[in-house]
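Trainee: The chain contents come next:
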Amino acid sequence: MSSRSSSIVRSVLPPAVFGVAFIAVWELVVKGFNLKPYFLAPPSKIWQKFTENIDLVWGAAKVSGTNALIGLLLGAFLGMAMSFVLSRFRFLNNLITPLAIALNAIPIFVLVAVLNNMFAITSEVPRRIMVTLVVYFIVLVNVAKGLTQVSPTHVELMKSYAASDTQILRKVRIPNAVPYLFTALKISAPASVITAFVSEYFGGSQNGLGSRITSNIANSKNAVAWGYVLGACLLGLTFYVISSLLEGVATPGGRAKRTKEGR
Amino acid sequence: MSAVEITNISKAFNLGSSNQVDALTDINLSIASGEFVSLIGPSGCGKSTLLRLIANLIEPTSGELVVNGKSAKQARLDQDYGMAFQQSGLFEWRTVEKNIELPLELKGWDKAKRQARATEMLELVKLSDFANHYPWQLSGGMQQRVAIARALAVHPSLLLMDEPFGALDEMTREHMQSELLSICRASGTTVVFVTHSIPEAVYLSNRVVVMSPRPGRVTEIVDVSIEGERNDATRDNSAFFKGITSVREALRGVEMSDHVRGIEDR
Amino acid sequence: MTTVMTTKKTSETARRIRRVVLFVVSLLFVAAAWELYKVVGPEAGGKIFGWKLLPRSNNNAMPHVWDMLMRYNRPELRGSDRKIWSVVLAGAWFSFRLALVGFAIGSALGLGLSILMARFKFAERGILPYLVLSQTVPLIALAPLVVSWGGKLSIAGWTWPRWMSAAVLGAFLAFFPVAVGALKGLTSAPSASLELMDSYAASWWQTLRKLRFPAAIPFIVPSLKLAASASVIGVVVAEISTGLKGGIGRLIIEYAREATGDPAKVFTAVFGAAALGLAMSGFVTLADMYMMRNRPKEASA
Numbered sequence: 003m004s005s006r007s008s009s010i011v012r013s014v015l016p017p018a019v020f021g022v023a024f025i026a027v028w029e030l031v032v033k034g035f036n037l038k039p040y041f042l043a044p045p046s047k048i049w050q051k052f053t054e055n056i057d058l059v060w061g062a063a064k065v066s067g068t069n070a071l072i073g074l075l076l077g078a079f080l081g082m083a084m085s086f087v088l089s090r091f092r093f094l095n096n097l098i099t100p101l102a103i104a105l106n107a108i109p110i111f112v113l114v115a116v117l118n119n120m121f122a123i124t125s126e127v128p129r130r131i132m133v134t135l136v137v138y139f140i141v142l143v144n145v146a147k148g149l150t151q152v153s154p155t156h157v158e159l160m161k162s163y164a165a166s167d168t169q170i171l172r173k174v175r176i177p178n179a180v181p182y183l184f185t186a187l188k189i190s191a192p193a194s195v196i197t198a199f200v201s202e203y204f205g206g207s208q209n210g211l212g213s214r215i216t217s218n219i220a221n222s223k224n225a226v227a228w229g230y231v232l233g234a235c236l237l238g239l240t241f242y243v244i245s246s247l248l249e250g251v252a253t254p255g256g257r258a259k260r261t262k263e264g265r
Numbered sequence: 002m003s004a005v006e007i008t009n010i011s012k013a014f015n016l017g018s019s020n021q022v023d024a025l026t027d028i029n030l031s032i033a034s035g036e037f038v039s040l041i042g043p044s045g046c047g048k049s050t051l052l053r054l055i056a057n058l059i060e061p062t063s064g065e066l067v068v069n070g071k072s073a074k075q076a077r078l079d080q081d082y083g084m085a086f087q088q089s090g091l092f093e094w095r096t097v098e099k100n101i102e103l104p105l106e107l108k109g110w111d112k113a114k115r116q117a118r119a120t121e122m123l124e125l126v127k128l129s130d131f132a133n134h135y136p137w138q139l140s141g142g143m144q145q146r147v148a149i150a151r152a153l154a155v156h157p158s159l160l161l162m163d164e165p166f167g168a169l170d171e172m173t174r175e176h177m178q179s180e181l182l183s184i185c186r187a188s189g190t191t192v193v194f195v196t197h198s199i200p201e202a203v204y205l206s207n208r209v210v211v212m213s214p215r216p217g218r219v220t221e222i223v224d225v226s227i228e229g230e231r232n233d234a235t236r237d238n239s240a241f242f243k244g245i246t247s248v249r250e251a252l253r254g255v256e257m258s259d260h261v262r263g264i265e266d267r
Numbered sequence: 002m003t004t005v006m007t008t009k010k011t012s013e014t015a016r017r018i019r020r021v022v023l024f025v026v027s028l029l030f031v032a033a034a035w036e037l038y039k040v041v042g043p044e045a046g047g048k049i050f051g052w053k054l055l056p057r058s059n060n061n062a063m064p065h066v067w068d069m070l071m072r073y074n075r076p077e078l079r080g081s082d083r084k085i086w087s088v089v090l091a092g093a094w095f096s097f098r099l100a101l102v103g104f105a106i107g108s109a110l111g112l113g114l115s116i117l118m119a120r121f122k123f124a125e126r127g128i129l130p131y132l133v134l135s136q137t138v139p140l141i142a143l144a145p146l147v148v149s150w151g152g153k154l155s156i157a158g159w160t161w162p163r164w165m166s167a168a169v170l171g172a173f174l175a176f177f178p179v180a181v182g183a184l185k186g187l188t189s190a191p192s193a194s195l196e197l198m199d200s201y202a203a204s205w206w207q208t209l210r211k212l213r214f215p216a217a218i219p220f221i222v223p224s225l226k227l228a229a230s231a232s233v234i235g236v237v238v239a240e241i242s243t244g245l246k247g248g249i250g251r252l253i254i255e256y257a258r259e260a261t262g263d264p265a266k267v268f269t270a271v272f273g274a275a276a277l278g279l280a281m282s283g284f285v286t287l288a289d290m291y292m293m294r295n296r297p298k299e300a301s302a
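Protein chains in written order, with our numbering: chain A, 3 to 265; chain B, 2 to 267; chain C, 2 to 302.
The hints are simulated quantities; they were obtained by calculation from the structure and are not laboratory data. Just so it is clear, the structure is predicted and the values come from calculations on it, not from any experiment. From the three backbone atoms N, C-alpha and C, an ideal C-beta is built for every residue, glycine too. Don't take every hint at face value.
[Claimed, not checked] Okay, derived cross-link-like pairs now, DSSO-like style, lysine-lysine, Cα gap no bigger than 27 Å in a straight line: (1) 71/B / 99/B; (2) 99/B / 114/B; (3) 38/A / 185/C; (4) 211/C / 108/B; (5) 64/A / 223/A; (6) 74/B / 298/C; (7) 112/B / 246/C.
[Stated by the list, open to error] Distance windows between CB atoms, simulated: (8) 26/A / 191/C: 36 to 42 Å; (9) 90/A / 38/C: 46 to 52 Å; (10) 167/B / 251/A: 38 to 44 Å; (11) 14/B / 15/C: 50 to 56 Å; (12) 167/A / 263/C: 34 to 40 Å; (13) 68/A / 283/C: 15 to 21 Å; (14) 298/C / 14/A: 41 to 47 Å; (15) 244/C / 167/A: 53 to 59 Å; (16) 30/C / 113/B: 56 to 62 Å; (17) 239/B / 191/C: 50 to 56 Å; (18) 246/B / 177/A: 51 to 57 Å; (19) 167/B / 30/C: 52 to 58 Å; (20) 26/A / 15/C: 55 to 61 Å; (21) 28/C / 251/A: 54 to 60 Å.
[What the hints assert, rightly or not] Every beta carbon over 12 Å from chain B, so not counted as near; a handful from chain C, in silico: (22) 20; (23) 41; (24) 101; (25) 106; (26) 110; (27) 160; (28) 193; (29) 197; (30) 201; (31) 211; (32) 214; (33) 216; (34) 218; (35) 279; (36) 293; (37) 294.
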């Protein structure tokens, strides 16, 4: 076996083994111990319900996904814009960064309760605003870091060329910040899906995945609910994969930097 | 009885596959008790590999290794040797004293005994005032002294050193060489010392083993006899320069058949 | 030739104080921006490019900051004696304890799994991909399911208490970042140190206790921060899904329902949730400072 194919086998085989074993054990435990459906549904039933309801799941995923996407794009855009302001006015940077870091610790999605009051009850806007807020801070902190934490040697070099601040921005700071932007997007993508999701637990329009899960459980249709959970996981995964691919395209040679605070 | 007896040792990595590397072939070496022996040679000549074989960190492909009259494995289990690397390898979360106590803890010594031995070792390397400092508070030379104290904590009869002074500046390096010699002379320890530096090898050793790569083998063993005690004056001694020349020529002999890399001449 | 570095402890504390002061200032900044919008923004909400985007700025939808703060001192319910601040505090404390339990259990299990993965390479290769994947999918989707076990599930006469679902969810979310971070740390020991332990003929467990685990601490610490906020999220979401009595989540939902009549009320609970998150994060930071007390201080971002 060539070393390349053997290394592929080595990295794919163990997770495949664990995955299959996990599902098999799940199935056997549920069937064998005859577990009540409201506790745990067997994988076979989940898959069955999932494929039966695929249209409904897709519809709900579109609603939640749209909220996440809009928030992601808007939050990223606003975050990037604000980060330029922060890099220009260091005082603002020192003011806002501790706030953003503190917000990491707080479950800010509870603000949806407040946002729901500020808008009509059928509006999806509160959720979109929530996602925008969450993504905004992630992107803001990371891109600001990328714009400000440049190698002093590079800045000294540009100054020796009598470069203006704008030129330094364009030629040093922005290229430096690109990997940070993509790190932020890779974190924001799943965060946007999660936030869109959690926002649905606060009431308001009932068309998204989160609401469907709660209503199905309320009606004791757990296997169906698991199907929506599967849909939610696929949605989150899709967002992450797309953001990873974008990163791969935009930063050839893998210049992605893992920043310390991350979120 | 010799401290280390190496007979027909060979070591090949990735044996049998297309990227097999013959790190060592047919090494024969006998090191007497109390002797200071240096291993020197260009990159890839197998000197670090040989050291690790003696330490029983890797197994030979063929041949026989006797350390302290036992198999290398038994010598390791009995903690018959102490080891020091280029990176001091101190644990940053332990104080200097606790770093020295590490091998003693692993052997199950009780607290009082450990502390007594650690204090003794600190005095030996002249770092008694720094017992409760942390490694990152010390300079590179001081960290290496702690590493040597740790290596000697179990009072081994054999000391294995892999370029321990490689990361230090020239002045600190010369100072450390003198320190090491006085410590080893006092304790009668056998030393096997891997280095890239010809002056260092000649200054420290009784014999210098010159090795060459592809495949790794011993080219020549240079006897460096300098009369009298070795100290700073030795560095101006003509016997010292003679020794350096002999070693350099032995290495050049290597150069005839192979491109020499990574040797310091100064 | 002896150079000894100082521990720079005083400048470290000065930096921390500065951060806290700036945080407070930034809060004032946000309050000012809020009030500014109230002055400038449209009373009945507005449109940007035809989309109903601007929130209403009247006192019902956006109470004055001062009103929100004053609300803490007034009774919770009409005719009741209990002031809101004591209710919110009790709720936040309730949720804090649940989050703490969840955090502790999740972190312990995560650590345990990481040790298993460090010991058996096959386990690492098989399980790690799923752990990494778990960070990208909304695990929170399982919340309603876990929460539904409350009151219904019974094993040998003992019924699953509702609050346990909140703790379990918190533990579940905290587990993953700790498992990933701890594994990274356990495998971070330099090879020279591993060789050193080999030369001492140390067993795997001795090497774990004396080398791998201490070397892992700088990696475990940031993952504990993630775990702390994850457990808070888990607990709050579980409380919202169940309306778990006594928790801050339920208070938020309840007060949100009364928002038309009493707009400032819901903010009191929201701030309570924020305090919960900060308390949890503060607790982990203290633990972090203790664990890293003897390490060299790196310049943080």
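Trainee: Hints first: check each against the structure and report whether it holds.
Mentor: Here is what the structure says about each hint:
1. For the given pair, residue 71/B sits about 30 Å from residue 99/B by alpha-carbon distance, which is inconsistent with the 27 Å threshold.
2. A distance of roughly 13 Å separates the Cα atoms of residue 99/B and residue 114/B; the hinted pair therefore holds under the 27 Å criterion.
3. For the suggested pair residue 38/A and residue 185/C, the alpha carbons sit about 39 Å apart, so the restraint of at most 27 Å is broken.
4. Pair hint residue 211/C plus residue 108/B holds up; C-alpha atoms about 13 Å apart against a cutoff of 27 Å.
5. The hinted pair formed by residue 64/A and residue 223/A meets the criterion: a straight-line CA distance of about 22 Å does not exceed 27 Å.
6. Distance check on the hinted pair: residue 74/B and residue 298/C sit about 40 Å apart at the alpha-carbon level, beyond 27 Å; violated.
7. For the proposed pair residue 112/B and residue 246/C, the alpha carbon gap of about 53 Å is over 27 Å, so the pair is violated.
8. Judged by the Cβ atoms, the range 36 to 42 Å given for residue 26/A and residue 191/C holds: they are separated by roughly 40 Å.
9. In this structure the supplied range 46 to 52 Å is violated for residue 90/A paired with residue 38/C, their Cβ-Cβ distance being about 24 Å.
10. Taking 38 to 44 Å as the suggested C-beta distance range, the pair residue 167/B and residue 251/A conforms, at roughly 43 Å.
11. Taking the beta carbon of each, residue 14/B and residue 15/C are about 53 Å apart, inside 50 to 56 Å as hinted.
12. In this structure, residue 167/A and residue 263/C break the distance hint of 34 to 40 Å, their C-beta atoms being roughly 50 Å apart.
13. Judged by the Cβ atoms, the range 15 to 21 Å given for residue 68/A and residue 283/C is violated: they are separated by roughly 37 Å.
14. Between residue 298/C and residue 14/A, the C-beta spacing of about 42 Å keeps the proposed range 41 to 47 Å intact.
15. Between residue 244/C and residue 167/A the Cβ separation comes to about 55 Å, which falls inside the hinted range of 53 to 59 Å.
16. Remark: the range hint 56 to 62 Å for residue 30/C to residue 113/B is upheld by a beta-carbon distance near 60 Å.
17. Here the CB-CB span from residue 239/B to residue 191/C is close to 43 Å, at odds with the stated 50 to 56 Å.
18. A beta carbon spacing of about 54 Å between residue 246/B and residue 177/A agrees with the range 51 to 57 Å that was offered as a hint.
19. About 54 Å separates the C-beta atoms of residue 167/B and residue 30/C, a value consistent with the hinted range of 52 to 58 Å.
20. Distance hint for residue 26/A and residue 15/C: a CB-CB separation of about 58 Å, consistent with the stated range 55 to 61 Å.
21. Between residue 28/C and residue 251/A the Cβ separation comes to about 40 Å, which falls outside the hinted range of 54 to 60 Å.
22. At the 12 Å boundary, the C-beta of residue 20/C stays outside the reach of chain B, the nearest C-beta of that chain being 24 Å off.
23. Annotated as non-interface, residue 41/C keeps its C-beta farther than 12 Å from every C-beta of chain B; the closest such distance is 54 Å.
24. Even its closest Cβ contact with chain B, about 26 Å, leaves residue 101/C beyond 12 Å, as expected for a residue assigned away from the interface.
25. Against chain B, the non-interface label of residue 106/C holds: every CB pair exceeds 12 Å, the least being about 26 Å.
26. Every C-beta of chain B lies more than 12 Å from that of residue 110/C, the closest at about 25 Å, which supports listing it as non-interface.
27. Interface exclusion of residue 160/C from chain B stands, the closest Cβ pair being 46 Å apart, more than 12 Å.
28. Interface exclusion of residue 193/C from chain B breaks down, the closest Cβ pair being 5 Å apart, not more than 12 Å.
29. With a closest Cβ-Cβ approach of about 5 Å to chain B, residue 197/C is found to fall inside the 12 Å limit, against its non-interface label.
30. Not every Cβ of chain B is farther than 12 Å from the Cβ of residue 201/C; the closest lies at roughly 5 Å, contradicting the non-interface assignment.
31. A cut-off of 12 Å between C-beta atoms contradicts the statement that residue 211/C is not in contact with chain B; the least separation is 7 Å.
32. Not every CB of chain B lies more than 12 Å from the CB of residue 214/C, the least distance being 10 Å, so the non-interface label is violated.
33. Residue 216/C, annotated as away from the interface, has a beta carbon of chain B within 12 Å; the closest lies near 8 Å.
34. Remark: the non-interface label on residue 218/C conflicts with the geometry, its nearest Cβ contact in chain B lying 7 Å away (cut-off 12 Å).
35. No Cβ of chain B comes within 12 Å of the Cβ of residue 279/C; the nearest lies about 29 Å off, and the non-interface call holds.
36. Once the 12 Å rule is applied to beta carbons, residue 293/C is inconsistent with being away from chain B; the minimum gap is 9 Å.
37. Chain B draws residue 294/C into its interface by the beta-carbon criterion, the shortest separation being 10 Å against a cut-off of 12 Å.
Violation of the numbered hints given earlier is confined to hints 1, 3, 6, 7, 9, 12, 13, 17, 21, 28, 29, 30, 31, 32, 33, 34, 36 and 37; the remaining hints are satisfied by the structure.
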